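S.K.: Protein chains in written order, with our numbering: chain A, 1 to 531; chain B, 1001 to 1531.
Don't read these hints as lab results, they were simulated from the structure.
Don't take each hint at face value.
Partner residues aside, some chain A positions facing chain B, computed with beta carbon under 8 Å [what the hints assert, rightly or not]:
| id | residue |
| --- | --- |
| 1 | Ala53 |
| 2 | Val126 |
| 3 | His166 |
| 4 | Ile204 |
| 5 | Glu264 |
| 6 | Gly267 |
Now the in silico label distances, taken between C-beta atoms and shown as ranges [what the hints assert, rightly or not]:
| id | chain 1 | residue 1 | chain 2 | residue 2 | range |
| --- | --- | --- | --- | --- | --- |
| 7 | B | Arg1075 | A | Glu466 | 29 to 39 Å |
| 8 | A | Ala265 | B | Gly1248 | 55 to 65 Å |
| 9 | A | Asp90 | B | Ala1514 | 47 to 57 Å |
Since this is a predicted model, take the numbers as computed values, not measurements.
Even for Gly, the Cβ is constructed at its ideal location relative to N, Cα and C.
There are 2 protein chains.
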Amino acid sequence: MAILNHGDTTAASGTSPAAAAVNVAPPMHSLVQPVLDADEFRRQGRLVVDFIADYYTRIDEYPVRPAVAPGFLARQLPEAAPARPEPGGDALAAALRDVRDLILPGVTHWQSPRHFAHFATTGSNVGALGEALAAGLNINPFTWAASPAATELEVVVTDWLGKALHLPERLLFSGGGGGTLLGTSCEAMLCTLVAARDRKLAEIGEERMGDLVVYCSDQTHFSFRKAARIAGIRRGNCREIPTSRESGFALQPRTLLAAVRADEAAGRVPMFLCATVGTTPTAAVDPLRELCAAVAGRGVWVHVDAAYAGAACVCPEFRGATAGAEAVDSFSTNPHKWLLANMDCCALWVRRPEALTAALGTDHDVILKDPSSERGGGVVDYKDWQVALSRRFRALKLWLVLRCHGVEGLRGLVRADARFEVPVPRQFALVCFRLRAAAAAAVGEKRGRDRDNDAEPNELNRRLLEAVNATGRAYMSSAVVGGIYVLRCAIGNSLTEERHVREAWRVVQEQATAVLAAAACTEERAVRSAR
Amino acid sequence: MAILNHGDTTAASGTSPAAAAVNVAPPMHSLVQPVLDADEFRRQGRLVVDFIADYYTRIDEYPVRPAVAPGFLARQLPEAAPARPEPGGDALAAALRDVRDLILPGVTHWQSPRHFAHFATTGSNVGALGEALAAGLNINPFTWAASPAATELEVVVTDWLGKALHLPERLLFSGGGGGTLLGTSCEAMLCTLVAARDRKLAEIGEERMGDLVVYCSDQTHFSFRKAARIAGIRRGNCREIPTSRESGFALQPRTLLAAVRADEAAGRVPMFLCATVGTTPTAAVDPLRELCAAVAGRGVWVHVDAAYAGAACVCPEFRGATAGAEAVDSFSTNPHKWLLANMDCCALWVRRPEALTAALGTDHDVILKDPSSERGGGVVDYKDWQVALSRRFRALKLWLVLRCHGVEGLRGLVRADARFEVPVPRQFALVCFRLRAAAAAAVGEKRGRDRDNDAEPNELNRRLLEAVNATGRAYMSSAVVGGIYVLRCAIGNSLTEERHVREAWRVVQEQATAVLAAAACTEERAVRSAR
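Sequences and hints are given; from them, build the entire structure.
M.R.: Below, the structure is given as structure tokens:
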């Protein structure tokens, strides 16, 4: 029975694929070397597990930021990939030696207990192994049918996490909303921006695209402005509302409302507000309830970027940070930042999933259509919640983390970080500090500079950060807020202990002494040479 | 020495963070249970490695597509995350038992040798372990400084891969272009679309956004239309140029040019062409050289989506598929599809990286600014090449794959797949087939249907696919091309042997018999009841 339809090009030999496969090369898994092989995986897997464990054992010995110059690695590697695995039979072991000898000395060690830059990416045994397990299963759950259990686990685990963070019920599947796991907060911003944009354009017409305006504060992560540009919002239509030190760099509802009204008066269309819980520069918290109230009734989509600080909401004492979240349209946080889920993992919840799928859905595609999706009835096809079609099984590691540590375990983790108190307005586990203006001015005065000029202390603090980081004993980052350059010490790595914070502080003190002395010395030389 | 600047809120106690940390909870890594611990990682890592190896051993025993109903998993899991890890001391082992008993029976087994749907995601030992290793290191190389070796390895390995695929030199760093590793082809499309859009708008003015037109064929992956929508291209300005069976469903340069000219005549602005090497429905190949020539001199960005078939270019005999790529602006392929790199890994090369970074760059951000980037001079900051800020260390697994298999090993892999010849116009390792129109018509005739009506055979083939997939012994997908519904059998999983293809064919034959018999029976009943 020849049921193959050859179209208009029917060949004489109506054989089957199987018949045609006869008399050809051996099966691919026996070519060259095993590609996917259980026994070999067991052996190679142990090599890699031991390699990672050895790395954790030694991680504190590495300079946290490597002292390498651009091009250092490229120079040590051949110009083309090898034609064949190197002889000797164990290519992986040889490659791991190169990882140890060539690559590790050149990476910045994000899991180092001395890494206080940016925000931590808290790793955990279970997070790393959850990622490994997902890589081993190697499935692509873009629709429910493409892997039912993976999709359903994501539905379950985003609800679990939402409940653990005390999010409003309406953002969870159990309350008519729903969550998904993306790679980063930037993706969450882009997806919700596009959903809001298309909802608004459906109302006012596509030709008014150029009138849409989005709002954030001058403290909002730059990813938002980038996402707005990607979504085609005019460069001039992204309002960065100024904040001030007086209000702790939080977005003020009154200032926001004034900007919204000005845009409306000019015929433009307010469309989206990105509020932040835990800004990147100083972990400031925008007042959600008041901001939502300010734009209520205007059809403005309110998204909350809680990339870093959302995790803190596992602790009841931090719940105030998300007070008023009942009124927001979407909320995202990164379990890879402070909830042990290893890179990458961003949880996004939306109040109306249909707004997301209306903008990002691709139901017309027959290749992916399957009876379960057509039947509807509660089946989630996550491809319609994100930019990409393909996706990893991220729910697995988050589920493992929640299972193996429990919500109480995560509370302990957050509280352990948050105990690092300092006598400055500190938010969560981010400490911002700088050399006093007075100390810098003592240097600047000799040159007769204006004491109010911030340039000099900013420059000194910039030098201080570079000096601290050059020691390799601590790695911090910086921010400029209200024109003031601050060093950012973000505490939160899984391996960080009290002694690492103490030592980091010693490093800061030593380097501050050196930087101030060097500056004074330069001044004296300048004074001498001017004589 | 108190160098902390307390701003205007200087507290009485000028103590350091370290001093403040005294008298508080024990270090976080000793809380509840080890979070990141080398010895425990060694033990837990072995559990996971053995779990994956056991899975590979048993994978052939699972129905490839599970017979589960929506909601099956959610019903079996608690409504909230556990407060504490379950007692007994080994939460991970308990969780792995649940993965085995609850989750694996409900996943679609993408690594099964019986998975012929969509395109394969070829997994390998080294690909999975490379992903595991990256998860263990858990670094975030968004700038060169944020992890120099990770960035440099990505520069090296994208050049290596480009050379292995015989890509034009001008797309590689060594030729003035450059590559990056993203998650998916959808991201590659979106990033290049935004780069092309902003380049064009800089020329003609932002207010002409609504005039921009993008081009693809009716065979182009739906991700392109989605990416264009995300980028703010008007829904009506995405031209899907029709293709036909006569030209093998390839995009015809003449038809494209006619569409471009029509848009120009109407005052619109042609901006982007997405050509495909290996379309999703039938693996058709668009003629790059002729398409580039057709739009030459018009400032149209030509992107090549070679998500699946790009890998075939490791074999010199398949190089024809990318002939003319010298003239394209960008090219992407997914090493996670056919080059053993496990989910997710998309390589994107661009001829002018500055066009990408002009659109996606965020140089103004002081937090990420560091002296190496400011110095310029060959430092790549990959955050400016993609949507997101954060990113995984994907270069590591691709480097391991290239190291451990070698380019010859990958050639062997591609040839092993491509040997599955069938007597239809087959491209690469994708076989499209269907029940003959005649067989369907034999059923339809009794009802007096028009023999030229395609609906009846399409419906029968749809039933055939559902019947094949319901057996759990093979999993295929479908496409509609030129109004004709075809079953797609994509051969390429690492574990697939000849016997799996033979058996899949037996399953198709059995189910075709059953579907035709059932249809005939229904007809007879209809005829009888009409009497």
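S.K.: So, for every hint listed, does it hold in this structure?
M.R.: Hints, verified against the model:
Below 8 Å, beta-carbon pairs count as interface contacts, and A:Ala53 has one with chain B at about 4 Å; its hint therefore holds. With 8 Å as the threshold, the beta carbon of A:Val126 comes within range of chain B, its nearest partner Cβ sitting at about 6 Å, so the hint holds. Evaluation of the A:His166 hint against chain B yields a violated restraint, the C-beta minimum of about 12 Å exceeding 8 Å. Annotation: interface hint on A:Ile204 violated; nearest CB of chain B at approximately 14 Å, more than 8 Å.
Annotation: A:Glu264 was flagged as interfacial toward chain B, and the flag is violated, the nearest CB pair being 20 Å apart, outside 8 Å. Proximity of A:Gly267 to chain B is violated relative to the hint, the smallest CB-CB distance being about 14 Å (cut-off 8 Å). For B:Arg1075 paired with A:Glu466, a C-beta distance near 57 Å fails the hint of 29 to 39 Å. For A:Ala265 paired with B:Gly1248, a C-beta distance near 57 Å keeps the hint of 55 to 65 Å intact.
In this structure the supplied range 47 to 57 Å holds for A:Asp90 paired with B:Ala1514, their Cβ-Cβ distance being about 50 Å.
When each numbered hint is compared with the structure, violations occur for hints 3, 4, 5, 6, 7.
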